[in-house]
Structure formats: C-alpha cells, structure tokens
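J.: So the sequence lines, in the order shown, correspond to chains Y and D. Sequential numbering from 1 applies to the first sequence in the working numbering. Sequential numbering from 1 applies to the second sequence in the working numbering.
Mixed in with the good hints there might be a few duds.
Simulated coverage check for chain Y against chain D, where a stretch passes if three residues somewhere in it have a Cβ under 8 Å from a Cβ of chain D [what the hints assert, rightly or not]:
no.	segment
1	110-118
2	125-133
Computed spacing ranges between beta-carbons, pair by pair [said to hold, decoys possible]:
no.	chain 1	residue 1	chain 2	residue 2	range
3	Y	PRO143	D	PHE156	54 to 60 Å
4	Y	HIS58	D	LEU149	55 to 61 Å
5	D	VAL75	Y	ARG31	43 to 49 Å
6	D	GLY49	Y	PRO143	15 to 21 Å
7	Y	ALA133	D	GLY50	48 to 54 Å
8	D	PHE44	Y	PRO143	37 to 43 Å
Honestly, the hints are just simulated from the structure, not real lab data. Note that the structure is predicted; figures quoted are calculated from it, not measured. Note that CB positions come from ideal geometry on N, CA and C, so glycine has one too.
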Amino acid sequence: MGRDQTFEALLAEHGGMLRRIASAYEADRERRRELEQEILLAVWRALPRHRGEAPLRHFIARVAHNRAVTHVAREAAEPRRQPLDEAAPSDAPTPHEAAETRDLHDRLGQAVRALPLSLRQPALLTLEGFAPAEIADLLGLNPNVVSIRLTRAKAALREALNPAVSREVRP
Amino acid sequence: MTRPDDDWTDLTQAWTETPDPEPRLDAGFIRSLRRRDRLARLNFWAEMGGGVVVLGVVGWAAYRGLSLPALATGVVFVLFALGLTLWSRRGDPGLLTETPEAVLRSALAQARTGYRWALSGVAVSLAAMVFSIVILIGLRAPDPEDWRLLIGLGAFLLICIGFYLRHARRCRRRMAAHQAALEALHAEDDRI
Numbered sequence: 001m002g003r004d005q006t007f008e009a010l011l012a013e014h015g016g017m018l019r020r021i022a023s024a025y026e027a028d029r030e031r032r033r034e035l036e037q038e039i040l041l042a043v044w045r046a047l048p049r050h051r052g053e054a055p056l057r058h059f060i061a062r063v064a065h066n067r068a069v070t071h072v073a074r075e076a077a078e079p080r081r082q083p084l085d086e087a088a089p090s091d092a093p094t095p096h097e098a099a100e101t102r103d104l105h106d107r108l109g110q111a112v113r114a115l116p117l118s119l120r121q122p123a124l125l126t127l128e129g130f131a132p133a134e135i136a137d138l139l140g141l142n143p144n145v146v147s148i149r150l151t152r153a154k155a156a157l158r159e160a161l162n163p164a165v166s167r168e169v170r171p
Numbered sequence: 001m002t003r004p005d006d007d008w009t010d011l012t013q014a015w016t017e018t019p020d021p022e023p024r025l026d027a028g029f030i031r032s033l034r035r036r037d038r039l040a041r042l043n044f045w046a047e048m049g050g051g052v053v054v055l056g057v058v059g060w061a062a063y064r065g066l067s068l069p070a071l072a073t074g075v076v077f078v079l080f081a082l083g084l085t086l087w088s089r090r091g092d093p094g095l096l097t098e099t100p101e102a103v104l105r106s107a108l109a110q111a112r113t114g115y116r117w118a119l120s121g122v123a124v125s126l127a128a129m130v131f132s133i134v135i136l137i138g139l140r141a142p143d144p145e146d147w148r149l150l151i152g153l154g155a156f157l158l159i160c161i162g163f164y165l166r167h168a169r170r171c172r173r174r175m176a177a178h179q180a181a182l183e184a185l186h187a188e189d190d191r192i
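With the hints as constraints, model all of the structure from the sequences given.
T.: Here you go:
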C-alpha cells in the first residue's frame, strides 16, 4: 500500500481521535481547523518513520500530541486579537443544544481545555482510551507521576462538570 | 479491580461520542500536504543551490577577466552567505516524534534557529550592501546608472532587513513562550 493510501486509511480510522486532540488544545473553531491541518501534516511527515515498534494509533497519538503542545506555546507567543474566554460556549453550530450528550460533550471539552498542560496531556490520552503505562511511555514520565496527575485531572474534571456534587463528596 | 476514582468510563464515552461529525477531508488535501512538505525541504536547498550558482557566476566572471579585488569580494560574500545558511540551521530538530518535553525543547531550538537565520539575514543583507558598493563605486568611477542601481538595491536590502528584524522579534517571543510551556509541563512535578 502506498503512502497516500496508508494515510487515507489512517484518517478513516483515527481521524476522530486527531480532531479530538486538536479540540482539547484549541477552542476557537478556525484555529482548531488550522491545528488539525498542522497535526495531519506532522503525521504525514512522520509516517515513513513508523517501523511498527509501537501500534500505529500509539505512534500518531504521540505525533499529534507533540504537535499540539507546540501549538499552545506558539499561541502564547502570538496572542490572538480577541482574548479567548475558555468558559464561553463553542461557536460551532449546535442544532441539538438541548441534547444531553451534546451538552456534556461541550462542557467536557471546555473542562479539558481548562486543565493545566501537565494534567491535560495524561487526561486527554486517558479519554482516548490509552492505559496509564502507555501514557507514561508517550509522555516520557514515571508511571507514578502519571497516576498522580490522572487523579488530580479527574478531580478537576469532576469539579468542572458537576461542581455541586463534587463539593458534597469532598471530605 | 478499578477504584471509583480511577474509572474514566463515563467521561471517555462522553469524550469519544462526537455530536456533530466533521466533514471528511477533501481529495486534494493529501496533495497539499505533499506540496507543503516539499516546499519546506526546497527552501533549504534553494538557498544552498543559489549560493553555488552565484559562486559559479563569479568563477565564470573570473575566467572572463574579472579583477582580483572584485573576485575576492564576490567569493567572500558567497561563502559568507552559504556559511550563515548552514550555521542558522544547525540543531534543526527535524520530525517531532519524541516526548512533549523533547518536542518543546526541539521547538525552542527551532525558534533559536529562526532567530539565528534572521540575524544572519541581516548580516548577509549588510554584506550585500558593502559588496555592491565595492563593486559599483569602489573599483571604478561610477556613472549615473550605477548610482540608480545602488539606490534601488539599497532600498531593497533595507526592506529585507526590516523583514528579518520582524522575524527575529517573533522568534524571540516564541522562544519565551516555549520556555514558559516547558515550565508549565513541570509545574505539577513541583507539587508531587
């Protein structure tokens, strides 16, 4: 299979994950599209280097994540003209705003983006179904550090999604 | 057994359920990816190739009887430009497939490379000004056409310097931002 076909197959299978990774780092719709393109370009360039040591999903998640983290730094270096309110609702069209799934998805996206970078990375990978050991490998961290960060991230997400319940269960 | 605090099932489900699937990428996207990839590589080789071509022109002019001072100035200028092109790209990290920290360090190195490239651009532009002054008015009595050429070239090089300085400022901002992101990555480590 040629590079183009491999890439098309990869997009069909993992395109959703790549878009979600982009959405965790950028709330603005237009900039998110740009980040998606940048991630896809990075994956395209990195693809010939995949030798099969790690599963392809693992490999492209690493590339995407790494590209996204530099996006955060670049955005900090070149601030947008209008400051972005992370708590503001997405400007994506929402034909079914009342739907519970949509609402939870939006709030979860905002909560993930609001996490500090060091918590966002392991949380995002967990949400994408990666195991803590894989996350430790992807991020080059000690598994214990990953575990601690995940606990904090989960608490932060729980607080953001359901602050009242979170306060009740807190000792 | 999974402890309740470690159970991400509900969140994972909510995260991966995409309410409004984005449209598929159009057929031309892969072509545009390939083009951008090629352009990035081409940029470096164009600069190197351009230097070699100019060196060839200088050699040809020497063969045709170019004076020694003009020849020396030309050779020094081209070698200077080629040297700076190579120097500005040392430490280029290439593809990014390591850990986020490694990537940020690479990005920091890239920003430094960009900064060096911009500074070298300023240096090359200044050298080009000196070169053209030496060639056009230093080695013989200039005529009005030479002055017009020199003014045009000077204006062009000044614009180039302006662009290079702007790029250098951007790179410095990026360097600071990458440094801040690196610190943010380690912020949690300080609390552990």
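J.: Now, for every hint given, state plainly whether the structure supports it.
T.: Hint check results:
{"no.": "1", "hint": "110-118", "verdict": "holds (count 4)"}
{"no.": "2", "hint": "125-133", "verdict": "holds (count 4)"}
{"no.": "3", "hint": "Y/PRO143 x D/PHE156: 54 to 60 Å", "verdict": "holds, 58 Å"}
{"no.": "4", "hint": "Y/HIS58 x D/LEU149: 55 to 61 Å", "verdict": "holds, 59 Å"}
{"no.": "5", "hint": "D/VAL75 x Y/ARG31: 43 to 49 Å", "verdict": "holds, 47 Å"}
{"no.": "6", "hint": "D/GLY49 x Y/PRO143: 15 to 21 Å", "verdict": "violated, 49 Å"}
{"no.": "7", "hint": "Y/ALA133 x D/GLY50: 48 to 54 Å", "verdict": "holds, 50 Å"}
{"no.": "8", "hint": "D/PHE44 x Y/PRO143: 37 to 43 Å", "verdict": "holds, 40 Å"}
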